[in-house]
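Could you put together the complete structure from these sequences and hints?
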Amino acid sequence: MVPVRNEAVEITELPGGQIELAYPLAIKPWFGRLADKVGLWDGRPMTKTVELDEMGTFVWCRIDGERSVRDIARAFTEAYQVQPREAELAVTAFIKTIGQRGIIGLR
Amino acid sequence: MPTCPVNMADYAWNGIGLTALPGWEPSVIERDGLFLADSLGPVCELKWNRVSGTFSFDKHIRKLTKGNKGAVVRAANAAEIPDAWAQSVDRLAESGLRAKSFLWQADGNRGLGAALHHPGTGLACLIQFFIRNEEDEPMAAGVLATLRDFTGGKTVPWTMFGMAARVPADFLLDTFSFQPGHYRVAWWRPASGKRSGRVPTGKGPGTRLDFERFAPASVLLKGTNLEAWCRDRLTHAPPKSVPVDNGPGRIDWRGAAKTSLLRRTLRREVRTCGRAWTPDSGNVVLAVAAEGVVPLGPSTFNDICGSFTLVPEETV
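Protein chains in written order, with this note's numbering: chain P, 1 to 107; chain V, 1 to 316.
Careful, some of the hints might be misleading.
Unchecked claim - Within a straight-line C-alpha distance of at most 30 Å, the following computed DSS-like cross-link-like pairs (lysine-lysine) qualify:
hint: 1; chain 1: P; residue 1: K48; chain 2: V; residue 2: K222
hint: 2; chain 1: V; residue 1: K222; chain 2: P; residue 2: K96
hint: 3; chain 1: V; residue 1: K47; chain 2: V; residue 2: K154
hint: 4; chain 1: V; residue 1: K59; chain 2: V; residue 2: K47
hint: 5; chain 1: P; residue 1: K48; chain 2: P; residue 2: K96
hint: 6; chain 1: V; residue 1: K63; chain 2: V; residue 2: K47
By construction, these hints were calculated from the structure, which means they are not laboratory data.
Next up, the structure:
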């Protein structure tokens, strides 16, 4: 599986070398209609931000649409000297989390 | 003699140990059970217990038959078991483990197993292998031959996921977790010293012994020091009242975690000691902490910490 970045995600580099991602929020239609009716939403896409730590930034920088999850986990193992299975679990969990938020897709 | 490929991984857990084939990994870990699997599925199941008195192989195989209604389980006679397996059983018998082999068949799968008992230590063990093809039989026999009973020693080794240590035999395995970045194995010794199953492990007066491994140390310790990090993150962190000795890449502490006049009078003062360090090899923080009303002597604690090491694992 190869993770692919969502092009709508805005990337901001933070002073410590880490990364902040701003991603469009998926809103349930019923909630959008309700928020619109009570004047809480003007219809523009809502965004949410998430700040990645050092390891998250490491993985994000390797999501280029070419490297597979296994390749990224292997790079993670080498960079942080953790066990291969530990890296696979950590990278997979991270990719699943950002995937659920629509920050990346998998192909 | 059955042959096994090199680069096998050692596992020792709560009194028993075996050497697994490359690619075999624990998929389920229990206090008294291990399930090993490879990329294709389950390969080996191991369950054990300590029994007192006599042990009936036939009774246990009958129990297996009743417990697995979808499977046909039967004791194997000498003609049915592969030569390599028979040699492994003989080898185990030399170390005091008596065994009776059995065969099972269910839903197109078949397996080969053995019920084992060590009359000296009381260990009763059930091991079974999932046989997918003929080549699996000598492999299973090779792994069977590596089965070890560690329950009779003064210390019990454990080796799991690249960590290894030895604990005094009077400690019982309590809880454990293996999360990415944080591995923890906790042991418990009741103050009474009794090993009966009546008192739940970890309850009542006694001593808790925690082994922890955190990774990657280079990230965790960025912008902080080992002492500050340990006080914040260890499961049984050194209390603020206990001074910590700082050495290069290592901290030690020893003192009273909970004390008062009443506690001292009732002999319920909780003593704690611990050590955390960053080993030369491996980007990890290792920590051992002992806490409870029965203190661990400095020499014993030192031996325990000395035994807690990282073991190289096969790389994929």
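Hints and how they fare:
Under the criterion of a C-alpha separation no larger than 30 Å, the hint pairing P:K48 with V:K222 is consistent with the structure, at around 28 Å. Between V:K222 and P:K96, the direct Cα distance comes to roughly 26 Å. Compliance with the 30 Å bound is thereby established for this hinted pair. Restraint check: the Cα-Cα separation between V:K47 and V:K154 comes to about 22 Å, which is no more than 30 Å; the hinted pair holds. The suggested pairing of V:K59 with V:K47 holds, with an alpha-carbon distance near 16 Å, which does not exceed 30 Å.
With a C-alpha separation of about 17 Å, the suggested pair P:K48 and P:K96 falls inside the 30 Å cut-off, and the hint holds. Between V:K63 and V:K47 the alpha-carbon distance is near 14 Å, which keeps this suggested pair within the 30 Å criterion.
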